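Student: With the hints as constraints, model all of the structure from the sequences given.
The sequence shown lines up with residues 0 to 100 when you count with numbering that gives the first Met the number 0.
Calculated directly from the structure, the hints in this document are not laboratory data.
Since the model is a prediction, treat every value here as computed from it, not as a measurement.
Treat the hints loosely; a few may be bogus.
What the hints assert, rightly or not - In silico BS3-like cross-links for lysine-lysine, where the CA-CA straight-line distance does not exceed 30 Å: (1) Lys47 / Lys18; (2) Lys46 / Lys70; (3) Lys18 / Lys43; (4) Lys70 / Lys47; (5) Lys70 / Lys19; (6) Lys19 / Lys47; (7) Lys19 / Lys46; (8) Lys19 / Lys43; (9) Lys18 / Lys70; (10) Lys70 / Lys43; (11) Lys46 / Lys18.
Said to hold, decoys possible - Quick list of simulated restraints, FRET-style, between CB atoms: (12) Asp54 / Asn91: 29 to 39 Å; (13) Glu82 / Ala9: 13 to 23 Å; (14) Asp54 / Gly94: 33 to 43 Å; (15) Glu40 / Glu69: 16 to 26 Å; (16) Ser24 / Ile86: 24 to 34 Å; (17) Asp54 / Gly23: 30 to 40 Å; (18) Ser24 / His88: 33 to 43 Å; (19) Gln89 / Asn31: 16 to 26 Å; (20) Ser93 / Asn31: 18 to 28 Å.
Where is the CB? At the ideal position from N, CA and C, for every residue including glycine.
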Amino acid sequence: MANLTNCLDAMCIYVGTYKKDNEGSLFGEWLNLADYSNYDELIKVMKKLHNDEDDPEFMLQDYENCSFFEKLGLIGESYMSDEMFEIVHQINDSGHDLEVF
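Tutor: What follows is the structure, given as C-alpha coordinates:
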(Lines of atoms letter the chains of each structure in order from A and count residues from 1; the text may use other names and numbers.)
(Lines give C-alpha, C1' and ligand atoms only; values in the text may rest on other atoms or scores of the structure.)
Protein backbone atom coordinates (compact mmCIF):
# COMPACT_ATOMS: atom_id res chain seq x y z
CA MET A 1 0.00 0.00 0.00
CA ALA A 2 1.16 3.51 -0.75
CA ASN A 3 1.74 5.99 2.02
CA LEU A 4 0.27 9.43 1.25
CA THR A 5 3.70 11.05 1.44
CA ASN A 6 4.90 8.76 -1.34
CA CYS A 7 1.81 9.64 -3.39
CA LEU A 8 2.44 13.35 -2.84
CA ASP A 9 5.91 12.86 -4.29
CA ALA A 10 4.30 11.77 -7.56
CA MET A 11 1.56 14.45 -7.67
CA CYS A 12 2.28 17.05 -10.35
CA ILE A 13 0.32 19.86 -11.97
CA TYR A 14 1.00 21.65 -15.24
CA VAL A 15 0.26 25.32 -14.63
CA GLY A 16 -0.53 27.69 -17.47
CA THR A 17 -2.95 30.60 -17.60
CA TYR A 18 -6.23 31.15 -19.40
CA LYS A 19 -4.83 34.30 -21.03
CA LYS A 20 -1.91 32.45 -22.56
CA ASP A 21 -4.15 29.57 -23.59
CA ASN A 22 -6.57 31.98 -25.30
CA GLU A 23 -3.61 33.50 -27.14
CA GLY A 24 -2.56 30.04 -28.37
CA SER A 25 0.34 29.57 -25.96
CA LEU A 26 0.74 26.45 -23.83
CA PHE A 27 3.53 28.06 -21.83
CA GLY A 28 3.63 26.73 -18.30
CA GLU A 29 5.55 24.35 -16.13
CA TRP A 30 5.14 21.03 -14.35
CA LEU A 31 5.23 21.55 -10.58
CA ASN A 32 5.65 18.66 -8.16
CA LEU A 33 3.38 19.29 -5.16
CA ALA A 34 5.85 17.61 -2.80
CA ASP A 35 8.23 20.53 -3.41
CA TYR A 36 5.92 22.91 -1.52
CA SER A 37 5.07 22.85 2.17
CA ASN A 38 1.77 24.69 1.79
CA TYR A 39 -0.69 26.21 -0.66
CA ASP A 40 0.64 29.76 -0.28
CA GLU A 41 4.14 28.66 -1.21
CA LEU A 42 2.79 26.93 -4.34
CA ILE A 43 0.77 30.00 -5.37
CA LYS A 44 3.83 32.20 -4.92
CA VAL A 45 5.78 30.01 -7.36
CA MET A 46 2.86 29.96 -9.81
CA LYS A 47 2.69 33.78 -9.74
CA LYS A 48 6.44 34.03 -10.28
CA LEU A 49 6.19 31.64 -13.24
CA HIS A 50 3.55 33.86 -14.84
CA ASN A 51 4.85 37.24 -13.65
CA ASP A 52 4.35 38.67 -17.14
CA GLU A 53 0.62 38.93 -16.30
CA ASP A 54 -0.76 41.42 -13.75
CA ASP A 55 -3.33 39.05 -12.25
CA PRO A 56 -2.86 35.61 -13.82
CA GLU A 57 -5.87 33.31 -13.90
CA PHE A 58 -4.20 29.94 -13.45
CA MET A 59 -5.19 27.01 -15.61
CA LEU A 60 -4.25 23.52 -14.49
CA GLN A 61 -3.84 22.21 -18.00
CA ASP A 62 -2.89 18.75 -16.78
CA TYR A 63 -2.25 16.95 -13.53
CA GLU A 64 -0.94 13.54 -12.62
CA ASN A 65 -1.59 11.25 -9.67
CA CYS A 66 -4.21 13.59 -8.20
CA SER A 67 -7.24 11.29 -8.56
CA PHE A 68 -7.79 11.16 -4.77
CA PHE A 69 -8.20 14.95 -4.66
CA GLU A 70 -10.11 15.04 -7.94
CA LYS A 71 -12.70 12.61 -6.50
CA LEU A 72 -13.05 14.91 -3.49
CA GLY A 73 -13.62 17.90 -5.81
CA LEU A 74 -10.48 19.64 -4.58
CA ILE A 75 -8.72 19.98 -7.94
CA GLY A 76 -9.83 20.67 -11.50
CA GLU A 77 -8.82 22.65 -14.56
CA SER A 78 -9.54 26.03 -12.99
CA TYR A 79 -9.49 25.21 -9.31
CA MET A 80 -7.23 23.83 -6.64
CA SER A 81 -8.39 23.99 -3.05
CA ASP A 82 -6.14 25.54 -0.45
CA GLU A 83 -7.26 22.65 1.80
CA MET A 84 -5.27 20.07 -0.17
CA PHE A 85 -2.06 20.55 1.79
CA GLU A 86 -3.91 20.55 5.12
CA ILE A 87 -5.60 17.27 4.17
CA VAL A 88 -2.26 15.80 3.06
CA HIS A 89 -0.65 16.68 6.37
CA GLN A 90 -3.59 15.36 8.42
CA ILE A 91 -3.64 12.03 6.60
CA ASN A 92 0.13 11.75 6.74
CA ASP A 93 0.12 12.47 10.47
CA SER A 94 -2.52 9.77 10.99
CA GLY A 95 -0.08 7.08 9.91
CA HIS A 96 -2.70 5.42 7.70
CA ASP A 97 -2.07 4.35 4.14
CA LEU A 98 -3.75 6.25 1.32
CA GLU A 99 -5.76 3.15 0.33
CA VAL A 100 -7.65 3.44 3.63
CA PHE A 101 -9.04 6.73 2.42
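Student: Among all the numbered hints in the text so far, which are the ones the structure does not match?
Tutor: Number 17 - this is the single hint that the structure violates.
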